[in-house]
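These protein sequences, in sequence, are chains A and B. Going by the numbering used here, the first sequence opens with residue 1, and the numbers climb by one from there. Going by the numbering used here, the second sequence opens with residue 1, and the numbers climb by one from there.
Simulated from the structure, these hints should not be mistaken for lab results. Note that the structure is a prediction, hence the values are computed from the model and not measured. Careful: at least some of the hints might be erroneous.
Stated by the list, open to error - Among the chain B residues that face chain A by a calculated CB cut under 8 Å, a handful are:
#: 1; residue: L4
#: 2; residue: R14
#: 3; residue: R41
#: 4; residue: T83
#: 5; residue: L85
Stated by the list, open to error - Calculated Cβ distances over 12 Å to all of chain B for the following chain A residues:
#: 6; residue: E41
#: 7; residue: H57
#: 8; residue: F62
#: 9; residue: R72
#: 10; residue: T240
#: 11; residue: A252
#: 12; residue: Q259
#: 13; residue: G365
#: 14; residue: F372
Positions of the beta carbon are idealized from the N, C-alpha and C atoms, including for glycine.
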Amino acid sequence: MRKLITISSGILLLVLAFVWWMNSRQPRPMELIPTLTNQPEYCLTCHTDLPEISASHPVKTFGCVSCHGGERLALDADLAHSTMRGGENPSDLTVVETSCGGNNCHSGSEAEKRDHIQRVTTSIQSTYAGAIANIRFTFGAQKDLSAQFGISAVTDEHTQTGIASLAAFAPPAEKNSMLQKFGENCLTCHINAVPREGEVYARQTGCAACHLTEKHKLTTSISYTQCNTCHNRGNYNLRTMAFDERTDHPSARLQDYYQPISQFTKCEYTLDCVDCHTRSEVMGNGDLHANKKDIQYIQCKTCHGTPTELPLTKMLTDPNDIAFRMDFLNPIMDLKLGDTVLMTEQGELLWNTRALSDGTYEMTGKATKQYFTFKPVMGSGCTQTGEDQSSAYCHTCHAVER
Amino acid sequence: MSDLSRRDFLKLARNGFLYLSGALTLGGLIRFLSFETNPARQTRFELGQSAKYPLGTKTPLNEIPALLIHSDQGFTAISLTCTHLGCTLEDDADGFACPCHGSRFDADGNVKHGPAAKPLKRLRLEITKDDELILYTE
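Using the sequences plus the hints, can you model the full thing?
Below, the structure is given as structure tokens:
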């Protein structure tokens, strides 16, 4: 009996030593109790190397779980990650409402301009409605160019455009083989699509398709190169129903920005896309639209005016104006109450501009931080009529040589 | 010095094994049972003697975070957690500013502009018989 007890205690001691050794190899649990949730989570035990995702989403306040999901108390990696939303990307549109939504976050009221998710999910960049309608019309699957299908089914209960809903586009159900090929080869650009392979196409999906420009870093300072992971990379070939990549591989901005066939002015390649194209144009305005032209409205005259009219402006008198919020997120202007900024015909403020006392205007690049000044057309030698303000007319005189 | 007999040595070793394994098992059990996986956030803070905070001072309490004010009206404390989404506020020219989303509050904690909509929370203070200041966040 004594012998048995001795052997048993020896074995127990060995087992304990082994458990102790195994335990000592485990990382020491690192607890975080975010102020937003007030619930402890242990994600930082393994993820201390990640940078703060943005100044607006500090980990001390948000933690990890409120955005990413996951098992907050688990120390086993597989278990901890088992219920994550959207894998590594909680902004994927299939899960974005749970991750980024909420009244105080990104699915708040339109009046407070916190309806980002509603706008993005109905935007042409998500629905791809125009491209789908065009191709279906071209191959006889529908009688006109009206938007009937989107990448996913989506509704707009307060439609201002007459398009109340889009059905989910289902290429395998199409009778024409070209439409099936379109589905196989050409649906790589809407923001929830998995991008084509290759470094130039590399981007995430959902919000992160535009706002994540490096690992675990969200930004509103978005370079044209991020937009060009979809845009200006080539063309869809209607004969083969495949994507023809652009064949040049320039490194200089002048040649890289647009495709070789494009015509553009100096400001169009010197500035970044987001310096001119507004939130509504890029992220949608909450309505379903039939094609890109219906939502893209910025023209040269938005900043430069016409020979007979100055560009629209607005003086900032409300400290809650969205211009201040945008300048806070990407502090390039130091806007103050009383400043006058340019405004679009839709009433959107170009918050990275300011009217100067000498009748000129200044602009700072949102991504490059470059400072520019420019004059209105009024008073110059330009003879262009106010009606002919699409870019093609301005390019006639102002296009640059590549 | 007496030689340890083989029998005594084995007995000693056996007892040593028994006690050591028993102690380790007990230690492991206590450690396992005492580990709190889901602890509640601290809501009571002992700030020490009230004399540490002279009249006319405003003392930032970074670990809470809060601002302890000692004025003619006595002690008051304002939470420095933004009422919008909970970021820790920073000193501004004439109040407090949220570094996350830009809300501004005046020196009394009232909203100057959003996105925050509610004023900063006033925190409950208690002075014990021994003149110790206790602050409660809830």
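Going down the list of hints, with the structure as the test:
1. L4: violated (17 Å)
2. R14: With a closest approach of 4 Å, the R14 (chain B) hint holds.
3. R41: With Cβ-Cβ at 5 Å, under 8 Å, it holds.
4. T83: Result: violated, 10 Å to nearest chain A Cβ.
5. L85: With a closest approach of 6 Å, the L85 (chain B) hint holds.
6. E41: violated (10 Å)
7. H57: violated (7 Å)
8. F62: violated (8 Å)
9. R72: violated (9 Å)
10. T240: The claim stands: T240 (chain A) keeps its Cβ more than 12 Å from every Cβ of chain B (closest is about 49 Å).
11. A252: holds (37 Å)
12. Q259: Since the minimum Cβ distance to chain B is about 39 Å, Q259 (chain A) lies beyond 12 Å and the statement holds.
13. G365: holds (21 Å)
14. F372: holds (25 Å)
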